[in-house]
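Mapping of the sequence shown onto the numbering used here: position 293 corresponds to residue 306, and the numbering continues sequentially without gaps.
Some hints could be false.
Capping the alpha-carbon separation at 30 Å, the derived lysine-lysine pairs in DSS-like fashion look like this [as the list claims (entries may be wrong)]: (1) K316 to K240; (2) K41 to K72; (3) K92 to K72; (4) K92 to K41; (5) K240 to K230; (6) K230 to K316.
In case anyone wonders, no lab produced these hints; they're calculated from the structure.
This one's a predicted model, so the numbers in the text were calculated from it and none came from an experiment.
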Amino acid sequence: MAAYLVRRLWQMIPTLLGVVLLVFFLFKYFGSDPAIILGGLNASPEQIESIREQLGLNKPVWEQLWIFIQQIVTFDWGKSWATNESVANLFATRLPATLTVTLPILVLEVLLAIPFALAVATVRGSLTDRAVMICTTVAVSISLLVYVILAQYLFAFRLGWFPVQGWTGSHWTNLTTYAPLPVLVAVAVSMAPQIRLYRSFFLDEIGHDYVRTARAKGMTEGTVLLKHVLRNAMIPILTNVSVLLPGVLVGSFLIEVFFSIPGLGRELLLAVNRGDYPVIQAFAIYLAALTMTVNLLVDLLYKLVDPRVVLK
14 MAAYLVRRLW QMIPTLLGVV LLVFFLFKYF GSDPAIILGG LNASPEQIES IREQLGLNKP
74 VWEQLWIFIQ QIVTFDWGKS WATNESVANL FATRLPATLT VTLPILVLEV LLAIPFALAV
134 ATVRGSLTDR AVMICTTVAV SISLLVYVIL AQYLFAFRLG WFPVQGWTGS HWTNLTTYAP
194 LPVLVAVAVS MAPQIRLYRS FFLDEIGHDY VRTARAKGMT EGTVLLKHVL RNAMIPILTN
254 VSVLLPGVLV GSFLIEVFFS IPGLGRELLL AVNRGDYPVI QAFAIYLAAL TMTVNLLVDL
314 LYKLVDPRVV LK
């Protein structure tokens with residue numbers, strides 16, 4: 014296990030370096046000129062040239078790349094071009110709001126979708142199964158914006174259970190008052206595709222010979238489902254979760270915008286609109302590092318879930 018961990022960490026270095034090079038050259042040769050963005054439409058050529066010199070854009074490409082790598086290693090991305098706030102401080106102050114929404118979404122998606130999909134898989138072909146499949150198909154076809162509008166109208170405006178928008182400095186108040194409605198909307202949107210996917214995983218396992226053998230030995234249906242079917246289906250489920258986590262993070266950005274949550278998602282969209290390159294570049298690198306880290310953790314969980322898995 015230790016050797017595998019060291020080997021995977023070592024393999025992550027060239028992958029992350031490739032992402033760094035991709036991000037650097039995309040912004041260098043395909044993005045707008047940062048000096049023109051900062052100078053504005055009325056800036057003189059002398060002012061634009063002065064901004065280029067301050068940002069180090071007049072230096073050789075290899076030197077600019079080295080500065081970019083130093084920023085990544087030291088977590089010092091400079092200051093936001095739009096707000097003049099430290100990028101590191103911006104991430105540190107906006108991350109708690111994003112996690113307050115993202116983590117409950119991920120946990121509820123997994124905890125609700127798995128048992129629901131397992132229950133549906135056990136009655137395959139029945140009226141209940143067909144009704145659930147029809148409902149999930151319809152739910153997948155509905156836009157996120159429709160969910161947001163309906164939830165805000167019904168639960169906030171009509172019933173008054175939750176505020177439509179808002180955020181405070183108290184983590185507990187945010188978690189119990191302002192986060193439940195956006196979390197409810199996000200979970201409602203994501204439940205349908207997850208139920209359909211997990212149901213297919215369970216049906217694939219239920220059709221195997223070992224399930225029929227377990228039943229022939231006299232095991233109860235609950236024991237067969239929980240001890241055999243669920244355990245063997247956890248491998249593809251964990252794989253899906255590893256893909257789901259970055260997707261939940263990105264998907265929560267729209268939730269943050271609709272509900273005015275001061276998280277990373279709303280900040281990133283503002284940065285894109287403003288052409289705030291330091292914020293966009295930092296987020297791209299952090300998201301790549303998070304994705305690789307999650308994939309590594311999931312690979313380690315494979316061994317925990319199924320000892321037969323050999324890590325190579």
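The hints, checked one at a time:
Simply put, K316 and K240 have alpha-carbon atoms about 16 Å apart, close enough for the 30 Å limit, and the pair holds. With a C-alpha separation of about 12 Å, the suggested pairing of K41 with K72 holds against the 30 Å cut-off. Using a Cα cut-off of 30 Å, the hinted pair K92 and K72 holds, with the two alpha carbons roughly 19 Å apart. Annotation: proposed proximity of K92 to K41 holds, straight-line Cα distance about 18 Å (limit 30 Å).
A distance of roughly 14 Å separates the Cα atoms of K240 and K230; the hinted pair therefore holds under the 30 Å criterion. Taking the CA atoms of K230 and K316, the gap is near 27 Å; set against the 30 Å cutoff, the hint holds.
Of the numbered hints given earlier, the model fails none.
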